[in-house]
Amino acid sequence: MIKFKNVSFDYGDDENKINALKDISLTIEDGEFVAILGHNGSGKSTLARLINGLLAPSHGEGLVDGSSTVDSSAVWRIRQQVGMVFQNPDNQIIASRVEEDVAFGPENLGCEPAKIRARVDEALAVVGMRELAHSDPHLLSGGQKQRVAIAGALAMKPKYLVFDEATSMLDPKGREEIVATTRRLNSDYGITIIFITHIPEEAALAGRVVVLSGGTIAMDGTPQAVFSDVDAAAALGIGVPKARLLAHGLERAGIDIPGSILTVDDLVAALC
Amino acid sequence: MLIEMAKVTFEYLPGTPLAHTALSDIDLSISEGDFIALVGPTGSGKSTLIQHLNGLLTPTSGSLSFRGRSVGSDVGLLELRREIGLIFQFPESQLFEHTVADDIGFGLRQQGLAGPEVASRVEDALLQVGLDYAHYAQRSPFSLSGGEQRLVAIAGVLAMRPQFLVLDEPTSGLDARGKEAIFDCLDRLNSEGVAILMVTHSMDEVAESARRIIVLNEGKIVLDDKPEGIFVHASFLREIGLDIPKAAELVFKLREKGFNIQPDNVSMRSVVASVAAAVKERCAN
Numbered sequence: 001m002i003k004f005k006n007v008s009f010d011y012g013d014d015e016n017k018i019n020a021l022k023d024i025s026l027t028i029e030d031g032e033f034v035a036i037l038g039h040n041g042s043g044k045s046t047l048a049r050l051i052n053g054l055l056a057p058s059h060g061e062g063l064v065d066g067s068s069t070v071d072s073s074a075v076w077r078i079r080q081q082v083g084m085v086f087q088n089p090d091n092q093i094i095a096s097r098v099e100e101d102v103a104f105g106p107e108n109l110g111c112e113p114a115k116i117r118a119r120v121d122e123a124l125a126v127v128g129m130r131e132l133a134h135s136d137p138h139l140l141s142g143g144q145k146q147r148v149a150i151a152g153a154l155a156m157k158p159k160y161l162v163f164d165e166a167t168s169m170l171d172p173k174g175r176e177e178i179v180a181t182t183r184r185l186n187s188d189y190g191i192t193i194i195f196i197t198h199i200p201e202e203a204a205l206a207g208r209v210v211v212l213s214g215g216t217i218a219m220d221g222t223p224q225a226v227f228s229d230v231d232a233a234a235a236l237g238i239g240v241p242k243a244r245l246l247a248h249g250l251e252r253a254g255i256d257i258p259g260s261i262l263t264v265d266d267l268v269a270a271l272c
Numbered sequence: 001m002l003i004e005m006a007k008v009t010f011e012y013l014p015g016t017p018l019a020h021t022a023l024s025d026i027d028l029s030i031s032e033g034d035f036i037a038l039v040g041p042t043g044s045g046k047s048t049l050i051q052h053l054n055g056l057l058t059p060t061s062g063s064l065s066f067r068g069r070s071v072g073s074d075v076g077l078l079e080l081r082r083e084i085g086l087i088f089q090f091p092e093s094q095l096f097e098h099t100v101a102d103d104i105g106f107g108l109r110q111q112g113l114a115g116p117e118v119a120s121r122v123e124d125a126l127l128q129v130g131l132d133y134a135h136y137a138q139r140s141p142f143s144l145s146g147g148e149q150r151l152v153a154i155a156g157v158l159a160m161r162p163q164f165l166v167l168d169e170p171t172s173g174l175d176a177r178g179k180e181a182i183f184d185c186l187d188r189l190n191s192e193g194v195a196i197l198m199v200t201h202s203m204d205e206v207a208e209s210a211r212r213i214i215v216l217n218e219g220k221i222v223l224d225d226k227p228e229g230i231f232v233h234a235s236f237l238r239e240i241g242l243d244i245p246k247a248a249e250l251v252f253k254l255r256e257k258g259f260n261i262q263p264d265n266v267s268m269r270s271v272v273a274s275v276a277a278a279v280k281e282r283c284a285n
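Same order as they appear, the protein sequences are chains A and B. Residue numbering for the first sequence follows UniProt numbering, beginning at 1 and increasing consecutively. Residue numbering for the second sequence follows UniProt numbering, beginning at 1 and increasing consecutively.
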């Protein structure tokens with residue numbers, strides 16, 4: 001379980017203080033798939049970096065499985081438990097062969113060679129990249145590179161994976177690959193997923209959506225609840241899935257449609 | 001005619017085992033005031049094509065002309081690049097000066113323009129992207145949000161007063177507000193007579209803004225039409241790995257269910273109106 005208790009975070013010194021997160025309290029249970037949605041500058045990436053102790057709260061406390069993220073005796077275990085996948089695939093690949101890149105983490109944990117081999121093979125199989133194990137990562141597509149980055153995190157055997165806008169630099173096909181992979185990791189392998197995004201369609205696939213605005217939690221609920229009020233979502237700068245917008249337009253044109261519609265297929269079913 | 005490409009073919013690494021034809025036999029005319037979206041799957045040649053537009057790449061064969069004058073012989077590359085502004089993906093990564101005003105004015109100073117002229121053009125450029133001069137000019141570009149940084153980078157190109165603006169994925173990575181700001185800016189520029197060509201993956205954006213869509217696949221232009229004429233080819237677009245706008249997808253799926261809706265509806269507004277009418281007609285029967 002990940003627990004934030006009254007967490008605030010300030011960037012800069014006392015004179016030029018930017019209050020990125022203000023008094024956030026949030027609990028994420030094991031096995032959840034939580035999307036964190038918010039406009040640029042709402043505090044999403046700061047929140048991600050607080051989860052595994054890359055940043056320490058200015059006030060309050062962050063706990064991963066009961067251990068504080070600032071406890072120096074726990075921080076290495078927390079970083080092994082909480083894997084991160086960042087926005088730019090080119091910034092997180094360091095080796096010249098896919099399998100070497102994935103092996104970097106377990107090597108640094110001091111695993112036995114046979115164990116490293118097994119972990120790398122398994123991680124690459126999970127993300128569907130085993131056939132490209134010997135490729136040069138720089139020749140891969142964006143979606144493939146991000147899957148290598150995910151495999152690198154998986155090789156650490158994490159309980160939690162945090163995706164910090166991991167799809168925003170990808171084309172639609174790459175985006176689909178990553179979204180499908182995260183869903184599989186959650187449903188088949190029980191990994192808790194924290195999926196940070198500003199794309200409403202992606203957030204709509206999560207079980208729970210937390211909306212950040214100006215460093216505070218503005219909404220926290222199911223995607224249906226969060227996207228039910230189109231105007232409120234616009235005011236928070238997050239937008240809603242396009243299908244929801246179409247349904248909203250039809251509602252205003254006098255057609256009776258449930259407010260919970262988030263996909264075109266749901267909309268077609270409601271109209272037929 | 002602003003730009004005319006005739007039988008343009010471009011090959012990377014010609015004469016080597018890695019030779020790869022990125023564009024083949026492209027015929028393309030772009031008029032003054034056009035607002036074009038260039039779409040296509042990854043590797044279809046979009047980036048190669050736009051790099052031809054301001055002479056960063058020159059055709060392996062075929063020719064390019066700017067306002068009827070042949071590029072390379074009648075029009076020099078310097079002139080071409082002044083008239084045609086190219087904005088790369090994530091242009092904010094090219095910001096480097098201490099202040100927003102200095103960053104936008106950099107190109108102008110390189111051209112040797114005098115201080116007052118630079119200052120007035122910087123002010124105009126900020127106005128064009130919708131940022132207030134007094135509030136932004138003296139700030140560090142690195143203290144701005146991602147969306148604001150992108151607008152400043154675009155202003156740096158606008159300060160050169162191009163007649164034609166070419167943008168590679170101008171909204172990628174931006175939130176809903178940032179995207180809106182970019183489109184407001186592009187619409188405004190276009191209404192002032194600047195031709196726009198943007199590369200994008202977002203079909204929803206394309207349907208709302210562009211007046212002409214060019215679809216590239218495997219280095220060839222496969223469709224070139226108004227948005228209404230493009231999305232009727234929904235199955236073909238899916239086949240080559242492209243999305244269709246959610247609004248067009250709704251029309252497509254309802255038509256399959258027997259709804260009486262014209263297939264050439266693409267924008268949100270017109271789809272909502274025609275779907276509402278069709279649903280009411282069905283209920284009445």
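None of these hints come from the bench; they were simulated from the model. The C-beta atom is built at its ideal place from N, Cα and C for all residues, glycine as well. Don't take each hint at face value.
Going by beta-carbon spacing under 10 Å, a handful of chain B positions derived as facing chain A [stated by the list, open to error]:
#1 S29
#2 G43
#3 R188
#4 L189
#5 G193
#6 E249
#7 G258
#8 F259
#9 R269
#10 K280
Hints versus structure:
At a threshold of 10 Å, the smallest CB-CB gap from S29 (chain B) to chain A is about 27 Å, leaving the interface hint violated. The closest approach between the C-beta of G43 (chain B) and any C-beta of chain A is roughly 9 Å, which is under the 10 Å cut-off, so the hint is satisfied. Against a cut-off of 10 Å between C-beta atoms, the interface hint on R188 (chain B) is violated, since the closest Cβ of chain A lies about 21 Å away. Here the hint on L189 (chain B) is broken, as its CB sits about 22 Å from the closest CB of chain A, past 10 Å.
With a least beta-carbon distance of about 31 Å to chain A, the hint placing G193 (chain B) at the interface is violated under the 10 Å criterion. Interface hint status for E249 (chain B): upheld, as the beta-carbon distance to the closest one in chain A is roughly 5 Å, under 10 Å. Annotation: interface hint on G258 (chain B) holds; nearest CB of chain A at approximately 9 Å, less than 10 Å. A cut of 10 Å between beta carbons decides the hint on F259 (chain B): the least distance to chain A is about 8 Å, and the hint holds.
Interface hint status for R269 (chain B): upheld, as the beta-carbon distance to the closest one in chain A is roughly 8 Å, under 10 Å. Contact between K280 (chain B) and chain A, as hinted, is supported at the beta carbon level, the nearest pair being about 8 Å apart and thus within 10 Å.
Against the hints set out earlier in the document, violations occur for numbers 1, 3, 4 and 5.
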